[in-house]
Amino acid sequence: DAGVIQSPRHEVTEMGQEVTLRCKPISGHDYLFWYRQTMMRGLELLIYFNNNVPIDDSGMPEDRFSAKMPNASFSTLKIQPSEPRDSAVYFCASSTRRYEQFFGPGTRLTVL
Amino acid sequence: EDKVVQSPLSLVVHEGDTVTLNCSYEVTNFRSLLWYKQEKKAPTFLFMLTSSGIEKKSGRLSSILDKKELFSILNITATQTGDSAIYLCAVDSYGQNFVFGPGTRLSVLP
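If you're matching them up, the sequences are chains A and B in order.
Using this note's numbering, the letters of the first sequence map in sequence onto residues 683 to 794.
Using this note's numbering, the letters of the second sequence map in sequence onto residues 66 to 175.
Just chain A, same shape as in the assembly:
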């Protein structure tokens, strides 16, 4: 099993640009989570899906952030327009049970 796959692994962009982060969950997992981790705020849950349906997006910081899961094997997190304070490591995680989440390697986003 390849585990959770995230792309890109590193992204450097300029303020105002659109950023799209991608995630392929482990096959058979019906939960998918997007997290953000920074030194200041730690690990924060942004949104999670169950069976491709967004269940709770209360952690999404503002309207510039959006997430989609068009099918069971793919999800995106989009930031438009990006700002320097969005710089962080973004993790995708998947699970069959809500709590035993398997994390991907993360995408390190730097917004200049």
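Source of the hints: derived by calculation from the structure; they are not laboratory data.
Every value quoted in this text rests on a predicted model; they were computed, and no experiment measured them.
Worth double-checking, as some hints may not be accurate.
Below, in silico cross-link-like pairs of lysine-lysine (BS3-like), each with a Cα-Cα straight-line distance of 27 Å or less [unchecked claim]:
{"#": "1", "chain 1": "A", "residue 1": "Lys706", "chain 2": "B", "residue 2": "Lys121"}
{"#": "2", "chain 1": "A", "residue 1": "Lys760", "chain 2": "B", "residue 2": "Lys105"}
{"#": "3", "chain 1": "B", "residue 1": "Lys106", "chain 2": "A", "residue 2": "Lys760"}
For the chain B half of the interface with chain A, some residues (derived, Cβ under 8 Å), not all of them [what the hints assert, rightly or not]:
{"#": "4", "residue": "Ala107"}
{"#": "5", "residue": "Asn162"}
{"#": "6", "residue": "Phe163"}
Examples of chain B residues lying across from chain A (beta carbon under 10 Å, computed) [to be verified]:
{"#": "7", "residue": "Leu76"}
{"#": "8", "residue": "Val77"}
{"#": "9", "residue": "Tyr101"}
{"#": "10", "residue": "Gly166"}
Note that CB positions come from ideal geometry on N, CA and C, so glycine has one too.
Following the hints, put chain B in place on chain A, whose structure we already have.
Chain B alone, transformed into the frame defined by chain A:
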């Protein structure tokens, strides 16, 4: 607002020592408490606790929950350098997202 506090924030020990990491929480509609280990990259799941007083054990790691006093401890016995990591505590609540604590950074020296 739901809150998870961990202590200590940082800890340095020598191989063979036993450590106790603490996690306290204030949440409404508690569902479960989770422990994760984060080495260089992504967190990995350790334990999920839902009931008070029942110890979960995996090798040299063990954890217990006290729902009355709203805390959990994670014990690591006979520490090894490979135990060096950030240990994250998170609480899951009904109707709320997971809330993570700041983590305890454990360094085990040879």
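> Given Tyr101 (chain B) was flagged as interface, is its beta-carbon under 10 Å from a beta-carbon of chain A?
Replying inline: Cβ of Tyr101 (chain B) sits 8 Å from chain A, so the hint holds.
> Once the shortest beta carbon distance from Asn162 (chain B) to chain A is found, is it less than 8 Å?
Replying inline: holds (4 Å)
> Hey, does the Ala107 (chain B) contact hint survive, CB to chain A under 8 Å?
Replying inline: Status holds, d = 4 Å.
> Should the interface hint for Leu76 (chain B) be scored as holding, given a Cβ-Cβ cut-off of 10 Å against chain A?
Replying inline: Status violated, d = 17 Å.
>> Restraint: Gly166 (chain B) near chain A, CB-CB cut 10 Å. Satisfied or not?
In response: holds (7 Å)
> Hey, Lys760 (chain A) versus Lys105 (chain B), does the alpha-carbon distance stay inside 27 Å?
Replying inline: holds (25 Å)
> Is Lys706 (chain A) within 27 Å of Lys121 (chain B), Cα to Cα?
Replying inline: Outside the cut-off at roughly 31 Å; violated.
>> Quick check on the hint: Val77 (chain B) CB to chain A CB, less than 10 Å?
In response: violated (19 Å)
>> Given Phe163 (chain B) as an interface hint, is its Cβ closer than 8 Å to any Cβ of chain A?
In response: At 5 Å from the nearest chain A Cβ, Phe163 (chain B) passes the 8 Å test, so the hint holds.
> Holds or violated: Lys106 (chain B) with Lys760 (chain A), Cα cutoff 27 Å?
Replying inline: holds (22 Å)
In summary, the structure is inconsistent with hints 1, 7, 8 from the numbered list given earlier, while agreeing with the others.
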